[in-house]
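Assemble chain B onto chain A, guided by the hints.
Number of protein chains: 2
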Amino acid sequence: MSLIVQKFGGTSVGDPDRIRNVARRVVATRQAGHEVVVVVSAMSGETNELVALARELGGTVPSPREYDVLVSTGEQKTIALLVMAIHQLDQEARSFTGAQIGMRTDGDHTRARILSIDADRIRSSLSAGELPVIAGFQGTDDDGNITTLGRGGTDTSAVAVACALDADVCEIYTDVDGVFTTDPNMVPAAHKLNRISYEEMLEMASLGAKVLQIRSVKFAMAYGIPIHVRSSFHEGEGTWVVREEDVMERLVVSGVTYNRSEAKICVLGVKDNPGVAAALFGPLSRAGIVVDMIIQNLSQDGTTDMTFTVPSDECDRALRLMEEHAASVGAERVEGDPGIAKVSVVGLGMKDHAGVAARMFEVLATEGINIQLITTSEIKISVAIEEKYTELAVRALHAAFVESGATEPVAEV
Amino acid sequence: MSLIVQKFGGTSVGDPDRIRNVARRVVATRQAGHEVVVVVSAMSGETNELVALARELGGTVPSPREYDVLVSTGEQKTIALLVMAIHQLDQEARSFTGAQIGMRTDGDHTRARILSIDADRIRSSLSAGELPVIAGFQGTDDDGNITTLGRGGTDTSAVAVACALDADVCEIYTDVDGVFTTDPNMVPAAHKLNRISYEEMLEMASLGAKVLQIRSVKFAMAYGIPIHVRSSFHEGEGTWVVREEDVMERLVVSGVTYNRSEAKICVLGVKDNPGVAAALFGPLSRAGIVVDMIIQNLSQDGTTDMTFTVPSDECDRALRLMEEHAASVGAERVEGDPGIAKVSVVGLGMKDHAGVAARMFEVLATEGINIQLITTSEIKISVAIEEKYTELAVRALHAAFVESGATEPVAEV
Numbered sequence: 001m002s003l004i005v006q007k008f009g010g011t012s013v014g015d016p017d018r019i020r021n022v023a024r025r026v027v028a029t030r031q032a033g034h035e036v037v038v039v040v041s042a043m044s045g046e047t048n049e050l051v052a053l054a055r056e057l058g059g060t061v062p063s064p065r066e067y068d069v070l071v072s073t074g075e076q077k078t079i080a081l082l083v084m085a086i087h088q089l090d091q092e093a094r095s096f097t098g099a100q101i102g103m104r105t106d107g108d109h110t111r112a113r114i115l116s117i118d119a120d121r122i123r124s125s126l127s128a129g130e131l132p133v134i135a136g137f138q139g140t141d142d143d144g145n146i147t148t149l150g151r152g153g154t155d156t157s158a159v160a161v162a163c164a165l166d167a168d169v170c171e172i173y174t175d176v177d178g179v180f181t182t183d184p185n186m187v188p189a190a191h192k193l194n195r196i197s198y199e200e201m202l203e204m205a206s207l208g209a210k211v212l213q214i215r216s217v218k219f220a221m222a223y224g225i226p227i228h229v230r231s232s233f234h235e236g237e238g239t240w241v242v243r244e245e246d247v248m249e250r251l252v253v254s255g256v257t258y259n260r261s262e263a264k265i266c267v268l269g270v271k272d273n274p275g276v277a278a279a280l281f282g283p284l285s286r287a288g289i290v291v292d293m294i295i296q297n298l299s300q301d302g303t304t305d306m307t308f309t310v311p312s313d314e315c316d317r318a319l320r321l322m323e324e325h326a327a328s329v330g331a332e333r334v335e336g337d338p339g340i341a342k343v344s345v346v347g348l349g350m351k352d353h354a355g356v357a358a359r360m361f362e363v364l365a366t367e368g369i370n371i372q373l374i375t376t377s378e379i380k381i382s383v384a385i386e387e388k389y390t391e392l393a394v395r396a397l398h399a400a401f402v403e404s405g406a407t408e409p410v411a412e413v
Numbered sequence: 001m002s003l004i005v006q007k008f009g010g011t012s013v014g015d016p017d018r019i020r021n022v023a024r025r026v027v028a029t030r031q032a033g034h035e036v037v038v039v040v041s042a043m044s045g046e047t048n049e050l051v052a053l054a055r056e057l058g059g060t061v062p063s064p065r066e067y068d069v070l071v072s073t074g075e076q077k078t079i080a081l082l083v084m085a086i087h088q089l090d091q092e093a094r095s096f097t098g099a100q101i102g103m104r105t106d107g108d109h110t111r112a113r114i115l116s117i118d119a120d121r122i123r124s125s126l127s128a129g130e131l132p133v134i135a136g137f138q139g140t141d142d143d144g145n146i147t148t149l150g151r152g153g154t155d156t157s158a159v160a161v162a163c164a165l166d167a168d169v170c171e172i173y174t175d176v177d178g179v180f181t182t183d184p185n186m187v188p189a190a191h192k193l194n195r196i197s198y199e200e201m202l203e204m205a206s207l208g209a210k211v212l213q214i215r216s217v218k219f220a221m222a223y224g225i226p227i228h229v230r231s232s233f234h235e236g237e238g239t240w241v242v243r244e245e246d247v248m249e250r251l252v253v254s255g256v257t258y259n260r261s262e263a264k265i266c267v268l269g270v271k272d273n274p275g276v277a278a279a280l281f282g283p284l285s286r287a288g289i290v291v292d293m294i295i296q297n298l299s300q301d302g303t304t305d306m307t308f309t310v311p312s313d314e315c316d317r318a319l320r321l322m323e324e325h326a327a328s329v330g331a332e333r334v335e336g337d338p339g340i341a342k343v344s345v346v347g348l349g350m351k352d353h354a355g356v357a358a359r360m361f362e363v364l365a366t367e368g369i370n371i372q373l374i375t376t377s378e379i380k381i382s383v384a385i386e387e388k389y390t391e392l393a394v395r396a397l398h399a400a401f402v403e404s405g406a407t408e409p410v411a412e413v
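Those protein sequences? They're chains A and B, same order as listed. Numbered per the numbering used here, the first sequence spans residues 1 to 413. Numbered per the numbering used here, the second sequence spans residues 1 to 413.
Be careful, since some hints might not be right.
Claimed, not checked - Some, not all, of what chain A presents toward chain B, calculated at C-beta under 7 Å:
| id | residue |
| --- | --- |
| 1 | L57 |
| 2 | P62 |
| 3 | V83 |
| 4 | M84 |
| 5 | Q100 |
| 6 | G144 |
Said to hold, decoys possible - Counterexamples of contact, computed for chain A against chain B with all Cβ distances above 12 Å:
| id | residue |
| --- | --- |
| 7 | N185 |
| 8 | R243 |
| 9 | F281 |
What the hints contain is simulated information worked out from the structure, not anything from laboratory work. Each residue gets a CB set at the ideal place from its N, CA and C atoms; glycine is no exception.
Only chain A is shown next, with the shape it has when bound in the complex (with noise of 0.2 Å):
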């Protein structure tokens, strides 16, 4: 008998049709003998509409606290029906919202942090007999006021439950059917992976590949629980994401991912001061501006240029506040481009080959695609490019990487 945390998003229950195979899928795997803990995402569409309400009532920037208390109905009214759903099949079910199970989180609504589960009350939930079905994305802080975790955050929910419960693996389900090398839409011959790691996952889903919430990997990497990510349309294996030394074979490159929404902004003839980085970079991150690559160019004759990316869509706000800021940095100007595609390579392998690096950009340059900016981890090699030519590098690197299927075998490491 295993214990199984099973997640469900919003399209997986996203009527009353898909909740009643939801109630079938759940109570199947108890029927089989397992311990089962769903944790389920508000109906699709559902936040759509509680998000355009607040929109509608409290202005652009409605209170953070207020649009929590009002989107995380959406996860509450899931939950109860579902649990009306297994009912239906004969079996014992008890809902659970955030504050229920003492999911606390710190303050910071709309993208709070899980800082605690209470997981007594889902094990006695467990030991009457019942199947628990919890609402993902929320909790409540110290003083009671109900928060959420952001879009995405049933993943980090699911996570966290399991590792709270030690379980034997945490089941997301989506409308994919795992992780893939690369996007199937854009490359045909893209495959679907059985094992990654969860060093490999981050740097996937970090960079776009958007199966699984960044948090929810850092939660199972920290506690050793395996996630499952399958499909909620079949029975088939999906990709599981797993420790290192669990990943059979280390392929040199796993996967090959691509954002094309991102806006490169350089400050030209920045004097090259200590303090000079922090006084472009502070008031972007007080801003809440992301900034991704950054690049600082050799210094010539005491002046440097800076240049980093941000989301396409800060990239006017970003610009504004380099121009503010430039003078006080003795820059001479201030450019932005909006269309900036970043494309990486991912893969444990590559830790010892430092050579993969010469490939990519050779295969780059064979396709005549400049590349503006690189930035390097252990397992990860990105570059910025013009965003029309995403496709053509996505799909080069592709069939030089993975379709090549490069392996490190675990035993040289």
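Just chain B, lined up with the frame of chain A:
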């Protein structure tokens, strides 16, 4: 400066425009120098939608616990949206779910009773300069399960909050101008009452003058909190529901009420032994069927007829139950008539006017209306008649008692 609790029902918050209207109204009261606490229902239509979903997924009898989890989301939506609208008027405000103000109830899901409220939580919100907006209709039991008070429960929530805060008045905003002497749709001469006692209101409410939930009147009476029933569409005074000694003139009959959905059940030839009533009404009570009027004829030859009324939609169930139990009390047969109306006259002045009953029967006899059952209380006389005579009876009684304006000056009591 007064402390005013204002309750707005589903129609008053039925869409974003109406929510903005409510926001303007409560902020205006606040700016007039009063402390204001607001209690709201779900947006009109919302609860029906949720109930339909519950039926679809939970069958004919969805889990009452989960039903409460589901429908309580309706009020939670409203409080967040109303607070957002109040914020747009530059007034501080904060929403509270039932759980968040410690609205403790018993565990009787879908019709829970309020046990206590944490008034300190509301007071500290007021002290912080906020306008507290509270979800009506909902609470939690001792185990933290979400409960609801049943349809119309927001009235009860509002009055309970007013009692807990020792408010100066609980204003119930509604789509009528106040409490009328009878249904104005039926009797054009019906007029609004300026003041009415709790006792009269209880009789009016329980007899079908659907303006105020009966439990809310009991609460207000117990704590001596005045209720002001008034229109949400204009500023005019409505009807004050107050202590008997605060009613200026005691009308012999304040109002004529009716309920046209009653059914009459007769159990004929019952043995006139002790325990017969228990043998018949025990099963009805256990089946949750509310029995209203009960008449037992004088015994003849050791047998008697037992006649009573039930809601007309319970007629079939009550009939079946009586047929099952008829033999055990030696009854000859059971008859049912689902087409019964109850018409009542209510008035504080009646206490000292035994002649009112005689006059009432005379008025009905003049119209050729046969009286099937009669019950009386200190301030009410009710008769059961054939349903098709309802209008005729109500109009005749209103003309005879209300339009004649018979009063009893307080001095004479």
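Tested hints:
The interface hint given for L57 of chain A is met, as the beta carbon of that residue sits about 4 Å from the closest beta carbon of chain B, less than 7 Å. Annotation: P62 of chain A was flagged as interfacial toward chain B, and the flag holds, the nearest CB pair being 5 Å apart, inside 7 Å. The beta carbon of V83 of chain A comes within 5 Å of a beta carbon in chain B, closer than 7 Å, and the hint placing it at the interface holds. Because the beta carbon of M84 of chain A sits about 3 Å from the nearest beta carbon in chain B, less than 7 Å, this interface hint is met.
Checking Q100 of chain A against chain B by beta carbon gives a least distance of about 6 Å; that is within 7 Å, so the hint holds. Because the closest C-beta pair between G144 of chain A and chain B is about 6 Å apart, less than 7 Å, the hint holds. No Cβ of chain B approaches the Cβ of N185 of chain A within 12 Å, the least distance being about 34 Å, so the stated non-interface status holds. The non-interface label for R243 of chain A is consistent with chain B: the shortest C-beta to C-beta separation is roughly 37 Å, beyond 12 Å.
The claim that F281 of chain A lies off the interface holds: its Cβ sits roughly 32 Å from the closest Cβ of chain B, which is beyond the 12 Å cut-off.
Violated hints: none; the structure is consistent with every hint.
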